[in-house]
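**Q** As given, the protein sequences belong to chains A and B, one line each in that order.
Numbers 0 to 191, taken from numbering that gives the first Met the number 0, label the letters of the first sequence in order.
Numbers 0 to 229, taken from numbering that gives the first Met the number 0, label the letters of the second sequence in order.
It is possible that part of the hints are untrue.
In silico DSSO-like links for lysine-lysine, alpha-carbon gap of 30 Å or less [said to hold, decoys possible]: (1) Lys99/B x Lys207/B; (2) Lys22/A x Lys74/B; (3) Lys119/A x Lys102/B; (4) Lys175/B x Lys138/A; (5) Lys123/A x Lys166/A; (6) Lys64/A x Lys95/A; (7) Lys99/B x Lys138/A; (8) Lys74/B x Lys119/A; (9) Lys102/B x Lys74/B.
Taking beta-carbon pairs under 10 Å as the criterion, some of the chain B residues facing chain A (in silico) [what the hints assert, rightly or not]: (10) Thr113; (11) Asp146; (12) Asp156; (13) Val159; (14) Gly160; (15) Leu164; (16) Asn219.
Quick caveat, the hints were computed from the structure, so don't treat them as lab data.
Even for Gly, the Cβ is constructed at its ideal location relative to N, Cα and C.
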Amino acid sequence: MASALVRGARRFPPAMWGRGFAKVASGDDIVAAAPDVALQKARSWDEGVSSNFSTTPLNDLFQGKKVVIFGLPGAYTGVCSAQHVPSYQKNIDKFKAKGVNSVICVAVNDPYSMNAWAEKLQAKDAIEFYGDFDGKFHKSLELDIDLSAALLGPRSHRWSAYVEDGKIKALNVEKAPSEFKVSGAEVILDQI
Amino acid sequence: MATATTTAASFSTAVRRLCVSTSTSIRLRHVTTSARPPTRLISTPTPHRLLPLLRFSATASPSSTTVSTISVGDKLPDATLSYFGSDGELKTITISDLTKGKKTVLFAVPGAFTPTCSQKHLPGFVEKAKELKAKGVDVIACVSVNDAFVMKAWKEDLKVGDEVLLVSDGNGVFTKALGVELDLSDKPVGLGVRSRRYSLLAEDGVVKVLNLEEGGSFTNSGAEDILKAL
């Protein structure tokens with residue numbers, strides 16, 4: 000069934016069905032593209048309670064800052080854990096040297112799973128993790144993808160962006176969430 | 000059933016694509032489960048919306064008369080769940096596999112890595128697993144609307160062995176079919192639609208004992224309550 004669809008899809012050139020783009024592009028304002036959207040900082044439940052489960056509006060994350068942000072399909076999954084996050088972890092000093100204020104990782108996961116994952120990867124000191132638990136952020140940017148067939152539900156594409164004071168300066172979206180060609184740290188370092 | 004085989008095949012293909020670098024990407028259809036009895040209407044009792052956040056770590060709270068969709072005497076609807084085997088491979092399993100011809104204890108938690116689930120509910124079943132098995136229970140499984148990757152990480156985090164199977168109802172299909180959805184989308188906790196907390200004993204797929212909580216409270220869905228009923 001689905002495998003037949005895949006076999007059929009292979010006959011079409013990637014440009015026809017592959018996603019290498021999003022609703023926003025270089026030059027767009029990321030906050031304006033996703034109004035009324037807030038993300039949830041990765042945290043333990045207790046931290047959530049004590050902060051009254053506060054959410055972080057996009058404005059706070061991007062206004063007046065140089066931000067490198069990358070999104071991935073899911074915490075604890077293969078490429079995400081083994082390649083994507085480590086690539087940013089390794090290059091954090093290079094990002095700081097280029098004046099980047101924060102490196103943010105976002106995924107359609109709840110903030111508790113994100114937190115546990117970030118701690119497992121020991122990446123919390125280098126990267127800020129946020130959960131787009133209802134997928135609104137990614138939906139607004141049209142970077143969402145339905146991975147229900149993999150029993151993951153609505154998730155996000157694998158992507159990275161460099162945002163300066165809310166304006167997107169560079170945006171890289173993988174054609175397939177399993178790929179890791181354009182959304183790594185090295186690529187975006189060159190684009191800053 | 001042919002559907003189940005195709006489902007399993009398409010699922011593993013989809014996941015392999017996600018985990019291994021390939022050049023194909025496609026919007027795959029939603030996994031369909033095999034035919035099952037007509038799903039009942041999902042009832043979302045009013046109390047959920049009014050549930051204070053404290054409910055999640057609340058202790059005693061009298062369970063009021065809640066309209067539950069699944070009830071004692073019902074046959075569990077079939078659905079496909081996922082989990083990571085001990086070999087690290089992502090696998091699917093159906094409710095039918097878990098319950099046909101067996102005595103099965105199924106319990107659900109609103110979310111992995113959340114307090115009551117992590118500190119009381121799951122550990123309680125791990126502790127009592129031997130006793131439950133001694134009383135004839137064949138399978139003990141924990142279900143949550145989390146993906147299999149998170150369930151695996153949670154299992155390792157809590158050092159759970161093979162005594163309790165942690166399975167993912169990733170798309171909430173099974174939870175929806177039971178009518179036990181817990182919609183927390185409007186709450187700032189960041190959990191979206193999850194499952195109410197419950198525990199049940201099924202014999203050959205028919206519910207014999209059901210302890211369904213309101214939301215995430217933890218009053219009668221623990222291991223001891225199931226033990227008492229055996």
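**Q** The structure should be examined with respect to each hint, and the outcome stated for every one.
**A** Tested hints:
{"no.": "1", "hint": "Lys99/B x Lys207/B", "result": "holds (14 Å)"}
{"no.": "2", "hint": "Lys22/A x Lys74/B", "result": "violated (46 Å)"}
{"no.": "3", "hint": "Lys119/A x Lys102/B", "result": "violated (36 Å)"}
{"no.": "4", "hint": "Lys175/B x Lys138/A", "result": "holds (23 Å)"}
{"no.": "5", "hint": "Lys123/A x Lys166/A", "result": "holds (25 Å)"}
{"no.": "6", "hint": "Lys64/A x Lys95/A", "result": "holds (12 Å)"}
{"no.": "7", "hint": "Lys99/B x Lys138/A", "result": "violated (40 Å)"}
{"no.": "8", "hint": "Lys74/B x Lys119/A", "result": "violated (40 Å)"}
{"no.": "9", "hint": "Lys102/B x Lys74/B", "result": "holds (13 Å)"}
{"no.": "10", "hint": "Thr113", "result": "holds (5 Å)"}
{"no.": "11", "hint": "Asp146", "result": "holds (5 Å)"}
{"no.": "12", "hint": "Asp156", "result": "holds (6 Å)"}
{"no.": "13", "hint": "Val159", "result": "violated (14 Å)"}
{"no.": "14", "hint": "Gly160", "result": "violated (19 Å)"}
{"no.": "15", "hint": "Leu164", "result": "violated (16 Å)"}
{"no.": "16", "hint": "Asn219", "result": "violated (22 Å)"}
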